[in-house]
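Protein chains: 2
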Amino acid sequence: MLDKVAEANGIDALMQEIGKSAKAAARPLAMAPPEQKNKALLAMADALEASKDAILAANAVDMAAAKEAGLAASFMDRLLLNDERIAAMAHGLREVAAQKDPIGEVITEWDRPNGLHIERVRTPLGVIGVIYESRPNVTADAGALCLKAGNAVILRGGSDSAHSSRAIHACMVEGLKAAGLPETAIQLVPVTDRAAVGALLSGLGGTVDVIVPRGGKSLVARVQAEARVPVFSHLEGICHVYVDASADLEMAKKIVVNAKMRRTGICGSAETLLVDSAALGTHLQPILEALTEAGCEVRASATVLKVLPFFKPADEEDWRTEYLDAIISVAIVDGVGGAINHIAHYSSNHTEAVIAEDPDVVERFFNEVDSAIVLHNASTQFADGGEFGMGGEIGIATGKMHARGPVGVEQLTSFKYRVRGTGQIRP
Amino acid sequence: MLDKVAEANGIDALMQEIGKSAKAAARPLAMAPPEQKNKALLAMADALEASKDAILAANAVDMAAAKEAGLAASFMDRLLLNDERIAAMAHGLREVAAQKDPIGEVITEWDRPNGLHIERVRTPLGVIGVIYESRPNVTADAGALCLKAGNAVILRGGSDSAHSSRAIHACMVEGLKAAGLPETAIQLVPVTDRAAVGALLSGLGGTVDVIVPRGGKSLVARVQAEARVPVFSHLEGICHVYVDASADLEMAKKIVVNAKMRRTGICGSAETLLVDSAALGTHLQPILEALTEAGCEVRASATVLKVLPFFKPADEEDWRTEYLDAIISVAIVDGVGGAINHIAHYSSNHTEAVIAEDPDVVERFFNEVDSAIVLHNASTQFADGGEFGMGGEIGIATGKMHARGPVGVEQLTSFKYRVRGTGQIRP
Numbered sequence: 001m002l003d004k005v006a007e008a009n010g011i012d013a014l015m016q017e018i019g020k021s022a023k024a025a026a027r028p029l030a031m032a033p034p035e036q037k038n039k040a041l042l043a044m045a046d047a048l049e050a051s052k053d054a055i056l057a058a059n060a061v062d063m064a065a066a067k068e069a070g071l072a073a074s075f076m077d078r079l080l081l082n083d084e085r086i087a088a089m090a091h092g093l094r095e096v097a098a099q100k101d102p103i104g105e106v107i108t109e110w111d112r113p114n115g116l117h118i119e120r121v122r123t124p125l126g127v128i129g130v131i132y133e134s135r136p137n138v139t140a141d142a143g144a145l146c147l148k149a150g151n152a153v154i155l156r157g158g159s160d161s162a163h164s165s166r167a168i169h170a171c172m173v174e175g176l177k178a179a180g181l182p183e184t185a186i187q188l189v190p191v192t193d194r195a196a197v198g199a200l201l202s203g204l205g206g207t208v209d210v211i212v213p214r215g216g217k218s219l220v221a222r223v224q225a226e227a228r229v230p231v232f233s234h235l236e237g238i239c240h241v242y243v244d245a246s247a248d249l250e251m252a253k254k255i256v257v258n259a260k261m262r263r264t265g266i267c268g269s270a271e272t273l274l275v276d277s278a279a280l281g282t283h284l285q286p287i288l289e290a291l292t293e294a295g296c297e298v299r300a301s302a303t304v305l306k307v308l309p310f311f312k313p314a315d316e317e318d319w320r321t322e323y324l325d326a327i328i329s330v331a332i333v334d335g336v337g338g339a340i341n342h343i344a345h346y347s348s349n350h351t352e353a354v355i356a357e358d359p360d361v362v363e364r365f366f367n368e369v370d371s372a373i374v375l376h377n378a379s380t381q382f383a384d385g386g387e388f389g390m391g392g393e394i395g396i397a398t399g400k401m402h403a404r405g406p407v408g409v410e411q412l413t414s415f416k417y418r419v420r421g422t423g424q425i426r427p
Numbered sequence: 001m002l003d004k005v006a007e008a009n010g011i012d013a014l015m016q017e018i019g020k021s022a023k024a025a026a027r028p029l030a031m032a033p034p035e036q037k038n039k040a041l042l043a044m045a046d047a048l049e050a051s052k053d054a055i056l057a058a059n060a061v062d063m064a065a066a067k068e069a070g071l072a073a074s075f076m077d078r079l080l081l082n083d084e085r086i087a088a089m090a091h092g093l094r095e096v097a098a099q100k101d102p103i104g105e106v107i108t109e110w111d112r113p114n115g116l117h118i119e120r121v122r123t124p125l126g127v128i129g130v131i132y133e134s135r136p137n138v139t140a141d142a143g144a145l146c147l148k149a150g151n152a153v154i155l156r157g158g159s160d161s162a163h164s165s166r167a168i169h170a171c172m173v174e175g176l177k178a179a180g181l182p183e184t185a186i187q188l189v190p191v192t193d194r195a196a197v198g199a200l201l202s203g204l205g206g207t208v209d210v211i212v213p214r215g216g217k218s219l220v221a222r223v224q225a226e227a228r229v230p231v232f233s234h235l236e237g238i239c240h241v242y243v244d245a246s247a248d249l250e251m252a253k254k255i256v257v258n259a260k261m262r263r264t265g266i267c268g269s270a271e272t273l274l275v276d277s278a279a280l281g282t283h284l285q286p287i288l289e290a291l292t293e294a295g296c297e298v299r300a301s302a303t304v305l306k307v308l309p310f311f312k313p314a315d316e317e318d319w320r321t322e323y324l325d326a327i328i329s330v331a332i333v334d335g336v337g338g339a340i341n342h343i344a345h346y347s348s349n350h351t352e353a354v355i356a357e358d359p360d361v362v363e364r365f366f367n368e369v370d371s372a373i374v375l376h377n378a379s380t381q382f383a384d385g386g387e388f389g390m391g392g393e394i395g396i397a398t399g400k401m402h403a404r405g406p407v408g409v410e411q412l413t414s415f416k417y418r419v420r421g422t423g424q425i426r427p
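Chains as they are written, first to last, in the UniProt record's numbering: chain A, 1 to 427; chain B, 1 to 427.
Worth flagging that the hints you see were computed from the coordinates, not collected in a lab. Because the structure is a prediction, the values reported are computed rather than measured. Each hint should be verified, as a subset may be incorrect.
Stated by the list, open to error - Per label pair, the in silico range of CB-to-CB distance: (1) G389/B <-> H91/A: 40 to 50 Å; (2) D360/A <-> G389/B: 28 to 38 Å; (3) E316/A <-> E35/B: 31 to 41 Å; (4) P427/B <-> A13/A: 20 to 30 Å; (5) E363/A <-> Q16/B: 26 to 36 Å; (6) A72/A <-> K20/B: 39 to 49 Å.
We treat Cβ as the ideally placed atom computed from N, Cα and C, and that holds for glycine.
Hey, can you work out the whole structure from these sequences and the hints?
Below is the structure:
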């Protein structure tokens, strides 16, 4: 027992030290010119390519242990690195380097009657904690986005990918050194104890400005419940597609199948289809046939079953379920108002789409659905920072504070006010 | 003991009910057109004027109790209502009604190569909790700003101002009713137990989106320590004025005296004067003389005392103290770099000013000082939402998330993405 307490104390002290180093790095980072940050990012990309063998060797150790432990194939796939994935990481770093630097941008400015000129200027947030699981590429992706926004980052990867993450992290540090930036700008927590996560979630004595969890629902739920600092996250993506009676049928079929089936495992994939009761005789059957043909299991509400009795019935739990699989729940709703009510009740406020030609229906859906992203006549699978043109994203947030929707470089910044005067005093 | 537990359970249940009602009101509020919200605000202003006698009678009860309890004169002044202050509240409500409605504003929009048109649109935050102390006018001011931004608000005023707040709240509800808005859009917690604050800080089961404390340091500290939801606040305003050797002396004297002495009790008043060592022989003495003449006590660092030995010495604690009084601490620093270091160490990241004619000094100060507001050749007392042209403010935030600096109507909003397509699916 006592040695466990001592061990816990040891980890807490280690984490406090990591926090202090991050805070110390944040100040020079905030002032680093764009060229210096980009030099680091490009050097990191070069280092990743030059260290390919070492990274693959480290990944082989993780893969062997995962196989030994009998982990699932989907887990092994997320963990795996190969030539292509290393090249993709390096490419991602170079893309972030090519992006516009957000720091110092004047977001808005105005003049006051007394002659004061006020500017709202973008600044870094400070120190960001990223907690992730099996994907070792997060080490490079998240590290790069935080650096571009002038933030120090503390990365805490999963124990199963520890060797891979360490090898990638070494390349990130090499890039920082090459550009003369503090090595502690991107730190990887060197221990895999869960106590390290707890310490990070406490905010390390006011050091950590925001936490970004990257992983499954149980990780995100723990972070949301325990974090004493703001969190950018989404617990799940229970995304809806509403097909109005005014929808173009061919378009509706195409979008619904894409929204559900393009990739079923991502947070922007559709989980529930809502069909206008006025479209019961026109749209419902062709869309469900298209889904079935595409290999999707349909779980239907009682009203659907009345007209199409051959589907599996949906129960209350289905409306609350993020399948992340080739399964969709289908309900009939009383027009756009009914769709809005269903969504208000069951949605995770991530992404919802309306398929309609009637502009009043679209505007009502857009105004009344309170989700991070609402789409008209487009697939929910566009819920992605890259697809939004933001460059990379560190995740998608469903909270309403600061960042909502895709969290890219810009969302990892704060701002301050610069006020220019000529001797003004307040009367 | 048991009845205390029962009482606490009772209050928790009451607060949960208040939370539910606020959440229920938030949805229609989010969709209320500008005219409806403004009609409510104007009706509230009328009701305040029509209910003047009732409000003054309620305030007399609070004032008598405060006198009985021997509360300080400054406290009594904050508590006091009179004809002028009621007129000011009504005027404030009418000013908020006249402001631009932020909801639905397209903040930014862009097109994607695939034809998707993306808009970032302003939305309400949801439910805001406001915790305040003696000033009953916060009931009207905070209620109005939250309503304008389409948010439901839960107001928890201090026990000493309970009668006054209740009388004002009745007028707010009258205005809501007159405009056909839900009465629970602006709720005043009807009990003054501290347990009600604890419940509010817990977020009422995910109901409360943000807490704004309005009051002294101990209230803000408690809210910051205990809140399980985001907080817009500043613990204190340890504001600095740095006078560079390049500063115009007359301007520097005028600004320093105004920054410190215009009103010493507000968070934007200067607490520490930093003078460039290169200005020791030119600027220091005239500025300190001007402060002394204005009735300000000077607490001087050892370096200042070497040249001007007749001041009271400052100790380490002085650099960390928000006097909120006619006292200023004065240090000599090694140019703008020295000023930046002192500020990084001691500032509360609220507001700092640089007085200089050298543009390089100004730019360095603006870039490297990490406070919500930095000013050049202007008084720190401009740190105010009204002075920024934001209309009213609910407070000033020194955090870096979401709202920083003055928190006006715009800062009480969130946003969502509206994506308009023509049948796009993701390849």
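These are the hints, each one checked on the structure:
1. G389/B <-> H91/A: 40 to 50 Å: Distance hint for G389/B, H91/A holds at roughly 45 Å.
2. D360/A <-> G389/B: 28 to 38 Å: holds, 36 Å
3. E316/A <-> E35/B: 31 to 41 Å: Once the Cβ atoms are compared, 40 Å apart, the range 31 to 41 Å for E35/B and E316/A holds.
4. P427/B <-> A13/A: 20 to 30 Å: violated, 50 Å
5. E363/A <-> Q16/B: 26 to 36 Å: holds, 35 Å
6. A72/A <-> K20/B: 39 to 49 Å: For A72/A and K20/B the Cβ distance comes to about 41 Å; the hint holds.
Against the hints set out earlier in the document, a violation occurs for number 4 only.
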